[in-house]
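Asker: The chain contents come next:
4 protein chains.
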Amino acid sequence: MQIGFIGLGQMGSAIAGNLVKAGHEVTVWNRSSDKAKSLVAAGARQAGTPAGAAAGSVVFTMLANDEAVEQVVFGEDGVLASSARPIHVSMSTISVALAERLTAAHAAAGVGFLSAPVFGRPDAAAAAKLFLVAAGDEKALAICEPLFAAVGQRTFKVGAEPKMANAIKLCGNFMIMAAIESLAEAMTLAAKNGVEKSVLLDVLTNTLFGAPVYRTYGDIILHERFEPAGFAAPLGLKDMNLADAAAVASRVPMPFLAVLRSQLLTTIARHGEKVDWSALAKVVAENSGL
Amino acid sequence: MQIGFIGLGQMGSAIAGNLVKAGHEVTVWNRSSDKAKSLVAAGARQAGTPAGAAAGSVVFTMLANDEAVEQVVFGEDGVLASSARPIHVSMSTISVALAERLTAAHAAAGVGFLSAPVFGRPDAAAAAKLFLVAAGDEKALAICEPLFAAVGQRTFKVGAEPKMANAIKLCGNFMIMAAIESLAEAMTLAAKNGVEKSVLLDVLTNTLFGAPVYRTYGDIILHERFEPAGFAAPLGLKDMNLADAAAVASRVPMPFLAVLRSQLLTTIARHGEKVDWSALAKVVAENSGL
Amino acid sequence: MQIGFIGLGQMGSAIAGNLVKAGHEVTVWNRSSDKAKSLVAAGARQAGTPAGAAAGSVVFTMLANDEAVEQVVFGEDGVLASSARPIHVSMSTISVALAERLTAAHAAAGVGFLSAPVFGRPDAAAAAKLFLVAAGDEKALAICEPLFAAVGQRTFKVGAEPKMANAIKLCGNFMIMAAIESLAEAMTLAAKNGVEKSVLLDVLTNTLFGAPVYRTYGDIILHERFEPAGFAAPLGLKDMNLADAAAVASRVPMPFLAVLRSQLLTTIARHGEKVDWSALAKVVAENSGL
Amino acid sequence: MQIGFIGLGQMGSAIAGNLVKAGHEVTVWNRSSDKAKSLVAAGARQAGTPAGAAAGSVVFTMLANDEAVEQVVFGEDGVLASSARPIHVSMSTISVALAERLTAAHAAAGVGFLSAPVFGRPDAAAAAKLFLVAAGDEKALAICEPLFAAVGQRTFKVGAEPKMANAIKLCGNFMIMAAIESLAEAMTLAAKNGVEKSVLLDVLTNTLFGAPVYRTYGDIILHERFEPAGFAAPLGLKDMNLADAAAVASRVPMPFLAVLRSQLLTTIARHGEKVDWSALAKVVAENSGL
Chain A
4 MQIGFIGLGQ
14 MGSAIAGNLV
24 KAGHEVTVWN
34 RSSDKAKSLV
44 AAGARQAGTP
54 AGAAAGSVVF
64 TMLANDEAVE
74 QVVFGEDGVL
84 ASSARPIHVS
94 MSTISVALAE
104 RLTAAHAAAG
114 VGFLSAPVFG
124 RPDAAAAAKL
134 FLVAAGDEKA
144 LAICEPLFAA
154 VGQRTFKVGA
164 EPKMANAIKL
174 CGNFMIMAAI
184 ESLAEAMTLA
194 AKNGVEKSVL
204 LDVLTNTLFG
214 APVYRTYGDI
224 ILHERFEPAG
234 FAAPLGLKDM
244 NLADAAAVAS
254 RVPMPFLAVL
264 RSQLLTTIAR
274 HGEKVDWSAL
284 AKVVAENSGL
Chain B
4 MQIGFIGLGQ
14 MGSAIAGNLV
24 KAGHEVTVWN
34 RSSDKAKSLV
44 AAGARQAGTP
54 AGAAAGSVVF
64 TMLANDEAVE
74 QVVFGEDGVL
84 ASSARPIHVS
94 MSTISVALAE
104 RLTAAHAAAG
114 VGFLSAPVFG
124 RPDAAAAAKL
134 FLVAAGDEKA
144 LAICEPLFAA
154 VGQRTFKVGA
164 EPKMANAIKL
174 CGNFMIMAAI
184 ESLAEAMTLA
194 AKNGVEKSVL
204 LDVLTNTLFG
214 APVYRTYGDI
224 ILHERFEPAG
234 FAAPLGLKDM
244 NLADAAAVAS
254 RVPMPFLAVL
264 RSQLLTTIAR
274 HGEKVDWSAL
284 AKVVAENSGL
Chain C
4 MQIGFIGLGQ
14 MGSAIAGNLV
24 KAGHEVTVWN
34 RSSDKAKSLV
44 AAGARQAGTP
54 AGAAAGSVVF
64 TMLANDEAVE
74 QVVFGEDGVL
84 ASSARPIHVS
94 MSTISVALAE
104 RLTAAHAAAG
114 VGFLSAPVFG
124 RPDAAAAAKL
134 FLVAAGDEKA
144 LAICEPLFAA
154 VGQRTFKVGA
164 EPKMANAIKL
174 CGNFMIMAAI
184 ESLAEAMTLA
194 AKNGVEKSVL
204 LDVLTNTLFG
214 APVYRTYGDI
224 ILHERFEPAG
234 FAAPLGLKDM
244 NLADAAAVAS
254 RVPMPFLAVL
264 RSQLLTTIAR
274 HGEKVDWSAL
284 AKVVAENSGL
Chain D
4 MQIGFIGLGQ
14 MGSAIAGNLV
24 KAGHEVTVWN
34 RSSDKAKSLV
44 AAGARQAGTP
54 AGAAAGSVVF
64 TMLANDEAVE
74 QVVFGEDGVL
84 ASSARPIHVS
94 MSTISVALAE
104 RLTAAHAAAG
114 VGFLSAPVFG
124 RPDAAAAAKL
134 FLVAAGDEKA
144 LAICEPLFAA
154 VGQRTFKVGA
164 EPKMANAIKL
174 CGNFMIMAAI
184 ESLAEAMTLA
194 AKNGVEKSVL
204 LDVLTNTLFG
214 APVYRTYGDI
224 ILHERFEPAG
234 FAAPLGLKDM
244 NLADAAAVAS
254 RVPMPFLAVL
264 RSQLLTTIAR
274 HGEKVDWSAL
284 AKVVAENSGL
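Protein sequences appear in the order of chains A, B, C and D. Going from the first sequence to my numbering is simple: count from 1 and add 3. Going from the second sequence to my numbering is simple: count from 1 and add 3. Going from the third sequence to my numbering is simple: count from 1 and add 3. Going from the fourth sequence to my numbering is simple: count from 1 and add 3.
Be aware that one or more of the hints could be misleading.
Put simply, identical chains are the same to the list, so a pair is met inside one copy or across any two.
[To be verified] Derived pair list, reagent style BS3-like, types lysine-lysine, alpha-carbon separation capped at 25 Å:
(1) Lys195 <-> Lys285
(2) Lys40 <-> Lys24
(3) Lys195 <-> Lys241
(4) Lys285 <-> Lys132
(5) Lys142 <-> Lys200
(6) Lys40 <-> Lys142
(7) Lys160 <-> Lys132
(8) Lys24 <-> Lys132
Just so you know, these hints were derived from the structure itself, not from any lab.
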C-alpha cells in the first residue's frame, strides 16, 4: 500500500520501519529532516512537507503533543491540504478535545480519520509487539488492519468515535502511574518495617498482582533505574494533564489522578526534567525520610 | 500432628477443615460454639477454652481483629495460659504493633510465635488454594511447613520477625484497594467519554494489566456485584486503618492510602456497612453524576 | 478623564457606574449591547466596537474568561486596533499565561498594560468597596490611581509585572475555597459528634478565625444558602483550573488545590451548574451520610 | 475555692499560676515533682498523688495525651480514687472516645465531669488570655465559671456532653493546620510567579483573611521561624490523628485532613521531631523545588 508516516521520534521511526519491512511504499516526513536518514536507507521516500507524506491511501501521524499534531494537520502544506485525501491515522497521545476537533475537521473535509494510539515502549515498537487501540469508522479500520498487523501484536477496536481510543489511552497511562504510586507507597511502608522491597514484590507478583505493569515497574523501582528515562516524567505529567482535562470536561472527580499530578510535579521540581516517570517512587521514599 | 485452631469464621472453618482432611488431630475453639459443629462432624474435637485448643504442638488463630486476638491470647484460659507451649501461628490480619507485642509476649513466655496471614477469599480457603505469607523463627516455620502446605497453594517466607508478614499483608490489601480505585476512576472517565466499561477492561487486562486483581475486581465493578459482600467495606476500612497506623508509626506519608480511607468512609456512610469494599467504585461513579 | 469600559456583567456594570458617578467621561462596550442601557441613561456613551471604547486615555476590561479577553483585545476592532493607544487595565480573573501574553503584546504595540483584578462580590462593587490588586508600570499605575479610588476601598500595588496581580487573585480565590472546604469538614465532624454547627462557627469566628471569609461563608453554609449563587460553582472551578495551570507551569505541587478541584467537580456533577461554589459543603456533608 | 491542678507542663503551670494569683487554694501534682517548685513558692501546696490533688471541690487536669489522662484518672491513687469527689475539669486535648469513656466513668462514680480544652499558646496562658471551650453539666459549669474567668479571656459553653468541647477543640486545631497548608501553597505559588510572600500576605490579611490565624502563621512562615517550636509537629500530628479517629468513628470523610496528615508525616520524616507544626510550609516549598 502507498502510505505516509509523519513524526519520526523513537516510536515513530520504529513503527515506520516495520511498515517498510512489511513491503509498503512509505513516504516519511519529520520536522528535523535528518531523522529520516535510516528509513530512507531502508527504502522509504522522504517528503518535503506533511502534505507530501499524505499522498497515498493512508497517512499516520505519531507526534509529541497536541500542538505538533495541530501544526501538521491544519498548517499550510498540512495533512488536510493534501489533494490525495488519505485516511489519517493518529497514533499520538493527544487530548480527547483535539480528537473531537480532528474528527469534525476531517469529516468536513471528507477525509477518513482514525485514532490508534499504542501501548508499548520503544523496544516493543521495534519488535512490532505494540498493542494498538483503534477507533473510528469500520470501513477505514478494515482498510488499515494489515498496516496495524505489521506494527503490533494485537489491535483492539474500541468504538466508532475516534476519541474513544484516545480516552482509553489516557486511562491506560493513568492506570500505569497509579500502579507505580501504589507500589512505591507499599514498598516504602514495607521497607520502613524491615521488609526487603524485593520480598514484597515477589509476594505481590506471584499472587494477585502478576501483571507486566507490576513486574516492569517493580523492577525499575527496586533497582532505582530512573535514568535514563524510558518515559520521561514531563511526558508523564503531560499525559496526566490530558487525563485531567478530559476529567474536568466530562465532570469526573479523580482523586487518585490528583495525587499523581502533585507527585509528578514534586518529582520534576526536585529531580529535574530528565528522570523517568517512575521516579515518583523516589519522592515517596524521600518523603518518608529514606 | 496434634494441633489447635481458634476462630471459626468463614476463613477459619475452611482452613481448619483442610487440616482435618490432611489427617491432623485438630482441636477447635470458637467464641460461639455452634460454629464448630460441622468440623466436629468431620472429626475435629472441640475445646471449652482457647487454652484447651492450645494443647498440641501448634495452635492457629484466625480472628476478626486485634481485640479478638488479644482476648484469645492474653485472656484467662488464653493461649499463653496453656501449659503445652505450642507454636502459635497467627493468621489474622492484625496491626503491626500487635504483632510486635505478641512477639515479645511469646518470647517472654518461651513460646514460639509465627505470623502467617493469608491472601485469598473463602472459596480459595475451601479449595486449599490460599497464599500464605509467613514470618518468624526458621525452625518453627519448618515445623509448620506441612500444615501450611495442607491449606494453601504456596507459602512465602518473608523474614525472621513475625511483624514482617503482617506488614506485607497490609501492603497487599492496600494494593488491592488501590487497584479498585484506579479501575473505578478509569472506568468512569471512559464511560463519560462514551467508552463501554467492558471494552476498557478488555484492553487493560489483555495488555499491561493482566493480573487476577484487575480481572476479579474489574468484573465485580462491571456487573456492580457489590452485595452480598465478599469482603465487607468496614473490614476493608479496618485494614486500611491498620495500614495507616503502621504508616504513622513508621513515618511514611501515603497519599493514595489517604484517598482510599476517605473513599471507604464515603462508601460506608452513603451505602451502609454491608456492601463489598469494591463498592467504592459506586461512589466514584456517583461523584461524576452517573 | 476620558475612559472606556468593556464588559458589562454584574461586576463590570457596577464598576463602570461608579466611574460615571465620579465624573469621568465613560464610553462602554458590551457584546450584547442592551446591557449598556442603564449606564447610557446615567451619562455614559456607547461604542460600536471594543476599539471604539478604547479611544480615551484608559480602557478597562472586565470579562468572563481568557477567551473573551483574547477576542476583545486581539480581535479585529479590538483594543489593540485602537489608534488612541490608551492604558489597558485588565480587571478580569484570567490565567497567568494570558497575562504574560498580554504584557508582551501591549509592549510590542507600545501600549500601557496593567492587571488590576478585584476582590469583592457585586454588592461591594456597587458600593465602591472593592479591593484592587494592581500590578504593572509605576507611571501607568499613578495615572490610574484616581480611577481605582473611585471604584474600590483600597488598592494594593503588588509589583512591576502585571501577571503578579493575576497570580495573587488566583491565590486569593484558592484561599477562599480552602477556607470553605475546611469549614465544611470541621462543621460536618462537629455535627456528627452532636455539636451544633452554629456553636462551632461561633467559637471559631470569635477566637482565631475572626475574618470575613469565615463569617461570610460560615453563614452561607450554616443556612445552606447555595442558590441563587453569589459565585457559581463552574466559575469557581474555572478559577481553580487557572490556579492549577499556573501551578503546573511553575512546578508547584498543591495537594489542597487538587482536593478542591475534585470536590468542585463532584459538586457540579451532583448538584448542577447553578449552585454557589460554597455548595461543596453540601458534598462534604452528603459524603458523611448527612 | 479549694482546687487541685494536675499536669504542670508549660500550659498547666501558667494556668495553675493564675488560679493561685486569683486567690484560690491550689494543690498541685505532676509526675516529675520538681516542676511544682515555682508554684509552691507562689503559694500552692504540692500533693504526693493525683488523688491528693483531688481533695478540693474542683480538680483540673492538663496533660499531654490520652495515656497520661487515663493513668491519672483511673490509676491507683488516681482522681477517681479520691473520696472528696471533686468536679473534674479536663483541659487536655484528648480523643472524643476517651471523653466519652471519662464521662461514663465519672457518672458511674457519681462525680462531676467537664471538658474544657483551651485555645492559646503558652504566652496567652500566662496572660490569662486563653479561650476556653467548655461542655458538660450546667450546674458544674456554673460552679467553675469563676475559675475559668481567672485563666481565660472568654469561655464558650458549647453543650451538655463533655465530648462536644473535645470535638470542637480538634476541629479548631484542624482548621489551624488547614490555614497553614493553604497559606503555604498560596505563598509558594506566588513566589514561583515572582510575587514576594510578604506582599501576598499583606493583601490577604487586609482583605478577606484578617484573622489571627493568618497573621500569626503567615508571619512564622514568612520568616521561617520553625524552631524552636511553639507547638511541635509531632503534637500537631497527634491532634490530627485524634481528629482522624473521631472522623473514622463517626464516618466523616475529610480529604483536607488526609492531606494534612500526609504533609505532617513528611515534615517529621524530613525535618525531625522538633520543628513547629507550621514547618509543613517548608515541605510545600521544597516540593516545588524552592
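Asker: Indicate, hint by hint, whether the structure satisfies it.
Answerer: Going through the hints against the structure:
no., hint, in the structure
1, Lys195 <-> Lys285, "both (14 Å within a copy, 23 Å between copies)"
2, Lys40 <-> Lys24, "within (16 Å within a copy, 70 Å between copies)"
3, Lys195 <-> Lys241, "between (32 Å within a copy, 20 Å between copies)"
4, Lys285 <-> Lys132, "neither (30 Å within a copy, 35 Å between copies)"
5, Lys142 <-> Lys200, "between (50 Å within a copy, 24 Å between copies)"
6, Lys40 <-> Lys142, "neither (34 Å within a copy, 57 Å between copies)"
7, Lys160 <-> Lys132, "within (17 Å within a copy, 36 Å between copies)"
8, Lys24 <-> Lys132, "within (14 Å within a copy, 48 Å between copies)"
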